[in-house]
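Participant: Work the whole structure out from these sequences, hints included.
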Amino acid sequence: MSLERKDEHDHKGWMESRDLTPIESVYLTVLVWLDKRLRVVDYLEILEDLYYKVNMQMPKSHTEQYNLDNKFWYWYPLYALGSFSTVAYVVAAISGALLGFYYAPAAAAADGTPTIAYDSVLIIMGQLNLGYFLRSVHRWAAQIMVAAVFLHMLRVYFTGAYKEPRELNWIIGIVLISLTLVFGYTGYLLPWSQLSYWAGQIGVEMSLSIPLIGEWVAQLLFGGFSLSQSTLQRMYILHVFFLPFITTAIIAVHIGIVWMQGIAEPH
Amino acid sequence: MTDDQSADSGNQRRDVVVPLRVYKTVTVFSTLFAVASVVAGFILVDVATQLASAPVSEIDVPVAIAGIGAILAGTVVYAFSTRFRTEEMGKSKDDADKPSDNG
Numbered sequence: 001m002s003l004e005r006k007d008e009h010d011h012k013g014w015m016e017s018r019d020l021t022p023i024e025s026v027y028l029t030v031l032v033w034l035d036k037r038l039r040v041v042d043y044l045e046i047l048e049d050l051y052y053k054v055n056m057q058m059p060k061s062h063t064e065q066y067n068l069d070n071k072f073w074y075w076y077p078l079y080a081l082g083s084f085s086t087v088a089y090v091v092a093a094i095s096g097a098l099l100g101f102y103y104a105p106a107a108a109a110a111d112g113t114p115t116i117a118y119d120s121v122l123i124i125m126g127q128l129n130l131g132y133f134l135r136s137v138h139r140w141a142a143q144i145m146v147a148a149v150f151l152h153m154l155r156v157y158f159t160g161a162y163k164e165p166r167e168l169n170w171i172i173g174i175v176l177i178s179l180t181l182v183f184g185y186t187g188y189l190l191p192w193s194q195l196s197y198w199a200g201q202i203g204v205e206m207s208l209s210i211p212l213i214g215e216w217v218a219q220l221l222f223g224g225f226s227l228s229q230s231t232l233q234r235m236y237i238l239h240v241f242f243l244p245f246i247t248t249a250i251i252a253v254h255i256g257i258v259w260m261q262g263i264a265e266p267h
Numbered sequence: 001m002t003d004d005q006s007a008d009s010g011n012q013r014r015d016v017v018v019p020l021r022v023y024k025t026v027t028v029f030s031t032l033f034a035v036a037s038v039v040a041g042f043i044l045v046d047v048a049t050q051l052a053s054a055p056v057s058e059i060d061v062p063v064a065i066a067g068i069g070a071i072l073a074g075t076v077v078y079a080f081s082t083r084f085r086t087e088e089m090g091k092s093k094d095d096a097d098k099p100s101d102n103g
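In order, the protein sequences belong to chains A and B. According to full-length UniProt numbering, the first sequence is numbered sequentially starting from 1. According to full-length UniProt numbering, the second sequence is numbered sequentially starting from 1.
Honestly, I wouldn't trust all of these hints.
[What the hints assert, rightly or not] Cross-link-like lysine-lysine pairs, in silico, BS3-like; alpha carbons within 30 angstroms at most:
hint: 1; chain 1: B; residue 1: Lys24; chain 2: A; residue 2: Lys36
hint: 2; chain 1: A; residue 1: Lys36; chain 2: A; residue 2: Lys163
hint: 3; chain 1: A; residue 1: Lys163; chain 2: A; residue 2: Lys60
hint: 4; chain 1: A; residue 1: Lys53; chain 2: A; residue 2: Lys36
hint: 5; chain 1: B; residue 1: Lys24; chain 2: A; residue 2: Lys53
[Said to hold, decoys possible] Pulled from the structure, derived: some chain B residues nowhere near chain A, Cβ distances all over 10 angstroms:
hint: 6; residue: Arg13
hint: 7; residue: Pro19
hint: 8; residue: Ala54
hint: 9; residue: Val56
hint: 10; residue: Ala66
hint: 11; residue: Ala73
It is worth saying that the hints were derived from the structure and are not from the lab. Since the model is a prediction, treat every value here as computed from it, not as a measurement. For each residue, glycine too, the CB sits at the ideal point set by N, CA and C.
Facilitator: If you want it as structure tokens, here you go:
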């Protein structure tokens, strides 16, 4: 029994029946030879078939059912912001993992020379092949993620997508936007440049300004009341160990709930 | 064979009607080949000219020519593939029998 589909077509003889130039018949013979061996077209046809089957199962959306598309279409691009944030997160994770091969979180060198951390950033930017590119990708992915997450929250708010039964996911989203900002802050301190250092100082003083538990918070987050190696070490571990695990897990839950509940339809 | 050169004067495009499956093969593989050889061609040109930064005396001429050749080969393969079509794919000017209800 053959797995080949049966049809009327003369698979072997059709080429002779046509008046092809030598180049054309060689061209076709080569491509058909490749196709029989690699079967790319067969797999593409399977994908095409799947595409149509999947789409036939899609029910009409609320906007289609009640003909709201003409009033609502300009919101649709904003429904991509959640995916956009996720993509930015994945890009930042990959580029960050690569940066981790070259960055060293050491605030040593008290003799006036630049610190090891700052030096490793200079090496990445100035000497490492594609290092400038890599760090730029990481930075832009971070900037875009913060922006996209914030706009995603605005979209959810203004389309009322946070309402019952999606309150839980809204709360999780608030946790996620906070984690994103902490990600940004800890990453901002890592180059241990002037900008980083004084941003860290502001962080310490903001912690200290908290009533009652301020000193404890400053000790916990920054490892002291002034910036030191333990500050940089904590920021580093938060940035590359704690936050990635926590954030990835919560993003998975967030997306899982969207998957279970479906996209909120506009009303 | 279908060689309708007669109808369109001035445009000597050759048309070869092939079965749908062969048409798919031609489209997929010629596009793959064209993309791969154009990209490879640019890589070769970059290698030969050190990312267009080498002084003229240091350009590796054989590699540069190979790169341009690969780009041209990809273009030719792609252009050549456009002469093949299936039964249903009439030229647009012959499609008067189909209602234009796209709008």
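Participant: Now tell me, hint by hint, if it's right for this structure.
Facilitator: Against the structure, the hints:
This hinted pair checks out: Lys24/B and Lys36/A have alpha carbons roughly 12 angstroms apart, not beyond 30 angstroms. Taking the CA atoms of Lys36/A and Lys163/A, the gap is about 55 angstroms. The hint is violated against a cut of 30 angstroms. Pair hint Lys163/A plus Lys60/A holds up; C-alpha atoms about 22 angstroms apart against a cutoff of 30 angstroms. Among the hinted pairs, Lys53/A with Lys36/A is consistent with the structure: their alpha-carbon atoms are about 26 angstroms apart, no more than 30 angstroms.
A hinted pair counts as satisfied when its Cα atoms are at most 30 angstroms apart, and Lys24/B with Lys53/A qualifies at roughly 21 angstroms. Chain A leaves Arg13/B outside its interface by the beta-carbon criterion, the shortest separation being 14 angstroms against a cut-off of 10 angstroms. The Cβ of Pro19/B does not lie farther than 10 angstroms from every Cβ of chain A; its closest approach is about 6 angstroms, which violates its non-interface assignment. Listed as outside the interface, Ala54/B is consistent with that label: its C-beta sits roughly 18 angstroms from the nearest C-beta of chain A, beyond the 10 angstroms cut-off.
Every CB of chain A lies more than 10 angstroms from the CB of Val56/B, the least distance being 26 angstroms, so the non-interface label holds. Taking the minimum C-beta to C-beta distance to chain A, about 21 angstroms, the non-interface status of Ala66/B holds against the 10 angstroms cut. Chain A leaves Ala73/B outside its interface by the beta-carbon criterion, the shortest separation being 13 angstroms against a cut-off of 10 angstroms.
The earlier numbered hints that this structure contradicts are 2 and 7.
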